[in-house]
Amino acid sequence: MRKPCCCDKQGTNKGAWSRQEDKKLIVHAGQACWRSADLHHCGKSCRLRWINYLKPDIKRGNFMPDEEDLIIKLHALLGNRWSLIAGRLPGRTDNEVKNYWNTQIRKKLKKMGIDPDNHKMNQIPQLHFHNQPQQCTSASMEKAFNPINGDADMVSDAGSCLEDDRMSAGSSHDLNLDLNVAFSFLSPTVVAGEQKKLENTEILENDEIPTLVLFN
DNA sequence: AACGTGACCAACCGCCTTAAG
DNA sequence: GCTTAAGGCGGTTGGTCACGT
1 MRKPCCCDKQ GTNKGAWSRQ EDKKLIVHAG QACWRSADLH HCGKSCRLRW
51 INYLKPDIKR GNFMPDEEDL IIKLHALLGN RWSLIAGRLP GRTDNEVKNY
101 WNTQIRKKLK KMGIDPDNHK MNQIPQLHFH NQPQQCTSAS MEKAFNPING
151 DADMVSDAGS CLEDDRMSAG SSHDLNLDLN VAFSFLSPTV VAGEQKKLEN
201 TEILENDEIP TLVLFN
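Residue numbers for the first sequence follow the UniProt record's numbering, beginning at 1 and rising by one.
Bear in mind the hints are in silico, worked out from the structure with no lab data behind them. Since the structure is predicted, the reported quantities are computational estimates derived from the model, not experimental observations. Each hint should be verified, as a subset may be incorrect.
As a list, the in silico SDA-like pairs of lysine to any residue whose alpha-carbon atoms are at most 20 angstroms apart [unchecked claim]: (1) 44 <-> 58; (2) 23 <-> 50; (3) 23 <-> 54; (4) 55 <-> 17.
Distance windows between CB atoms, simulated [claimed, not checked]: (5) 20 <-> 60: 18 to 26 angstroms; (6) 40 <-> 115: 42 to 50 angstroms; (7) 104 <-> 48: 38 to 46 angstroms; (8) 111 <-> 59: 24 to 32 angstroms; (9) 18 <-> 91: 20 to 28 angstroms; (10) 47 <-> 90: 15 to 23 angstroms; (11) 64 <-> 107: 33 to 41 angstroms; (12) 110 <-> 19: 36 to 44 angstroms; (13) 60 <-> 110: 23 to 31 angstroms; (14) 58 <-> 15: 18 to 26 angstroms.
By construction, the Cβ of each residue, glycine as well, lies at the ideal position given by its N, Cα and C atoms.
Generate coordinates for the entire structure from the input sequences, incorporating the hints supplied.
Shown next as structure tokens:
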């Protein structure tokens, strides 16, 4: 049974924030506990309001083309990890990125004939083993991509991903795989720049890394 | 002017993780 | 180590506005 959220308690507001509530929240921003703001919104709501709207360094307005490109690329790498994607876009919030993706980018990609969920032209991402192409499970892809975020356990994670896939495939082949994600729908300059960035990440410096080829 | 429709986005919901006691 | 409250995050909803009929 789910524990009741603080929002379910009596005396908490739902809905839009007033200017006075915003002012109060700004005064209390940064305190350890959002509830200390003594507002009639629950702590989660206070946090959300601050992060998505009141924080001073928030960049509002239209997304630049390069921001859009970056979102697409990061989404291809990370999936719907909006907070991680937003972390690479200074001044943008996860909610903003998520909304932009769902309302703008998703449509654009569909128009281009690209499946926005997997960034492919109706093909399935595959892990290529030495002798036999093997479809990567979503769980293992998840593990494989975690290292991009600077996870200290990235090597073991990638390894366990491979182990998972190997076990599920009933294969005992040695793995010698490298990460290679294609962004053929992006401009050549953007792709070159991103590839350079990827080359600087630890994941590509390891010898035993899965190859993930996204066919476009 | 009234109504319908679609787009946008702020806010909520529910699950999961984290941390305090 | 266990329990529980709070925070974090992704998915979803619903209010508002613009535009077309």
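Comparing the hints with the structure gives:
1. 44 <-> 58: holds (19 angstroms)
2. 23 <-> 50: holds (11 angstroms)
3. 23 <-> 54: Distance ~9 angstroms between residue 23 and residue 54 Cα, so the pair holds.
4. 55 <-> 17: holds (15 angstroms)
5. 20 <-> 60: 18 to 26 angstroms: The hint (18 to 26 angstroms, Cβ to Cβ) holds, given that residue 20 and residue 60 are roughly 21 angstroms apart.
6. 40 <-> 115: 42 to 50 angstroms: holds (44 angstroms)
7. 104 <-> 48: 38 to 46 angstroms: With Cβ atoms ~22 angstroms apart, the hint is violated.
8. 111 <-> 59: 24 to 32 angstroms: This hint holds: roughly 26 angstroms between Cβ atoms.
9. 18 <-> 91: 20 to 28 angstroms: At roughly 25 angstroms between Cβ atoms, residue 91 and residue 18 fall inside 20 to 28 angstroms, so the hint holds.
10. 47 <-> 90: 15 to 23 angstroms: holds (20 angstroms)
11. 64 <-> 107: 33 to 41 angstroms: violated (18 angstroms)
12. 110 <-> 19: 36 to 44 angstroms: holds (39 angstroms)
13. 60 <-> 110: 23 to 31 angstroms: Roughly 26 angstroms apart at Cβ, these two residues keep to the hinted range, so it holds.
14. 58 <-> 15: 18 to 26 angstroms: At roughly 21 angstroms between Cβ atoms, residue 15 and residue 58 fall inside 18 to 26 angstroms, so the hint holds.
In terms of the numbered hints stated before, the structure departs from hints 7, 11, listed from lowest to highest.
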